[in-house]
Amino acid sequence: MLEVKGLEVAYGRVKAVKGISFGVESGQVVTLLGINGAGKSTTLRAISGLVPPAAGEIWFDGERIDSLPAHKIVERGIAQSPEGRRLFKNMSVEDNLLLGAFSRKDADGVKRDLDRVYGMFDVLSRRRDELAGLFSGGEQQMLAIGRAMMSQPKLLMLDEPSMGLSPIMTQQIMATIKELRSEGVTILLVEQNAQAALSLADKGYVLEVGNIAFSDTGKALLKDDRVRRAYLGAD
Amino acid sequence: MIARLSAYERVGRFAAIAGAALVLLSVMLPWAYGKRALDDMTYFFGPSPLQLCGAGVAAVCLAALIAGLVALPGRGPTMLCWNDMARVGGIGLAFYVGAVLVAVAVATGGLVNVEAGGWLAFGGAVLAALGGLTLPDSPQATLSHFLTPSWGQIAAIVVAIASALFAAAAAVNQGDVEDFVVFGVWLAAAIFLVRASGVFAWLSLAAAGNRQVLVMAAFVAAFAFPFTQNGSDANMSVAAQVLTFAGTAIGLNIVVGLVGLLDLGYIAFLGAGAFTAAVLSKSAFATLSVDLPFPVVVVISGTVASLLGLLIGTPTLRVSGDYLAIVTLAFGEIFRITMNNLDGTDGPNITHGSNGVPGIPNLNLFGFDFGQSHEILGVTLTRHANYYMLLLVVIALIIVVFTNLNHSRIGRGWVAIREDEMAAEAMGVNTFALKLLAFAGGAFLAGVAGSVKAYTDTSVSPDQYVFLESAFLLAAVVLGGMGTVMGVLIGATILKLLPEKLRFFDDYRLLLFGALMVLMMRFRPEGIIADERRQLEFHDEDEELAEDVETELVVHQAHHNLEGGKRS
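The listed protein sequences derive, respectively, from chains A and B.
Heads up: the first sequence at position 149 corresponds to 149 in my numbering, and the numbers run straight through without jumps.
So my numbering is basically just the index in the second sequence, starting at one, shifted up by 235.
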């Protein structure tokens, strides 16, 4: 479904991503692991068209998308819940969700998806007219995921959904991702919480300073010594 | 009953009652020696209108003091915040009487010309202010819980709008600087007094429930305004200027208030509209004089302005923030200089350079001659009153366009760009196209306002479109409240009316506005009327509140899980 081939991204003279390749199959949950600065978020931004790639190709559903503007990529069916959530804090929950559906023209479908998101997250449904900035971190993350879902994406990219959340909230968010997977949504997940991410993932890629060091299935990576030492705190 | 007051408050409250009563009685005495001072405060038992205004505040203040005495603390919340009213009223009275004394001294050459009545009033006012400070805060007024029938709410809205109309008419009708200042101080005191009572909170609820009534009443009042200015063309000229300015400011509000782009050269779009209309007019100096119906001219003017917006926007909207401000600032100046140079020597003769296009003939729509005074309902509507009416129609259209855009999908996209442009882009908002649309749309509205301005002023010249005007437009938007229509109308009125009425302060005008802006940024950064979407931005406490809620939630959840664990 998504094919990234030799992707390079540079901020000025600094190369943040140095030629990585990976793929996401339809219906899979794929996770990118790596420490801060490994280039995970930059990779997602490049896929979304928010930063231009310096080299390499990005293919989605048989179409090359790496030179398309961001709004065209959303129209193709890739949604991103960005790092740090990036909600519109001074807008209501409903406005945030409707912005997620900005690229869509089918009013009925938007209404249906709005109800679906409200069905998934009760707290959003009850407080839909309140400003997003007034919500707790976990609730804001739910809203961020819900907002990304509103564009009816074929591929949902989540950037550090558990960042800054309490363990309980993290559990809830992971449960939500599991639920989305069971509904057949394809997910590209970037996480620092390797344990949680790998137990969900069909496939994992480990990034080290802009390169993919190795990859395997989620279960295998959980048992992999290198991963256990670097990310799971094992000696 | 009185025994339950603390000794401190008892002294204060009775001092305040005595003070307010003193002010009330003093209006029966002359306050000034010399008829020139304010509106003639020299009569025994014949208070002048300005004295009566003060007496009104004193009476309300007195009533609040007594009502506060009857509804003692401990008996629960009251319908209005009596103590707050009394305190604010006392302070307002002190400012008002103080302003009167200063005005008398200025007008007659010294405080010697203040009569005993004036000093009595001042003593009373100071007593009322000091006494009021001892009163405890009122509990929140219960008026908001009080459900009135819908006709009651509608009546309240009509009364509020009518009061605003009378206040505006009275303010414009104050002839002298001193009168205007004293009236302004009194008006501010009265507004703060009503606000302290808690009535505004109730009124805004009523207004939210009857939005159409509010809008209708506001427009009826605006149309009624010329009828309060029987035959005074000078006042209507000011009013017409206010409307032009307000219409342009609403256009700027799209760019600044909704999308968050800083445009420092916006006056150029007003100028583009005005020059287009002037050049197309039947003036002897018009270079492209064609016989077109006025509505067509309006549309052409708007289109020319919006094309200019596209021209400047296409290359510059990719930069943001400070860079955009600099580019637009330069653009505004380039526009003015270009208009100066299209004079036949430095370039083709289109605008007659610095002379501009004078002698634009009056409009004649459907047989209605805008140049003549018309007698309607026994009131003379002067030339400027005619244009005022026309401008009102234009501004109504501008407001309709603005509100519809604001509440549409496009408006949502605009606000999202202002909030977080990167996130908006990630949501699939075509940020460049939307910013360009805002630029062109705002410019169109300014161009439309400009075309009417050309006919209202009868002449258009480049020196009317200097940077300072752009700065004032921006100030009107910021002062009134970014992203709101009501706020910008109020901001525009204040910024246009004050300099007209305070010609005396002309040299210090900028200093005064600078001080006003600094004070606003310090005490009410969201502007006079706050946009609901923006309030949070300026109040960090609420984010702390959000964190508190989260902590509570986590604790609650943890408890829940523990209990669940025990049970299983």
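Hints should not be assumed to be uniformly reliable.
From the structure, some residues in chain B lie toward chain A, with a derived Cβ separation under 10 Å [to be verified]:
1) 650
2) 655
3) 660
4) 744
Label pairs and their computed distance ranges (CB to CB) [what the hints assert, rightly or not]:
5) 37/A to 752/B: 40 to 48 Å
6) 635/B to 109/A: 26 to 34 Å
7) 758/B to 21/A: 52 to 60 Å
8) 635/B to 128/A: 45 to 53 Å
I should point out that these hints are in silico values taken from the structure, not numbers from a laboratory.
Using N, Cα and C, we set each Cβ at its ideal position, and we do this for glycine too.
So, going through the hints one by one against the coordinates:
no.	hint	result
1	650	holds, 6 Å
2	655	holds, 5 Å
3	660	holds, 5 Å
4	744	violated, 34 Å
5	37/A to 752/B: 40 to 48 Å	holds, 43 Å
6	635/B to 109/A: 26 to 34 Å	holds, 30 Å
7	758/B to 21/A: 52 to 60 Å	holds, 57 Å
8	635/B to 128/A: 45 to 53 Å	violated, 27 Å
Of the numbered hints given earlier, the model fails hints 4, 8; all others are met.
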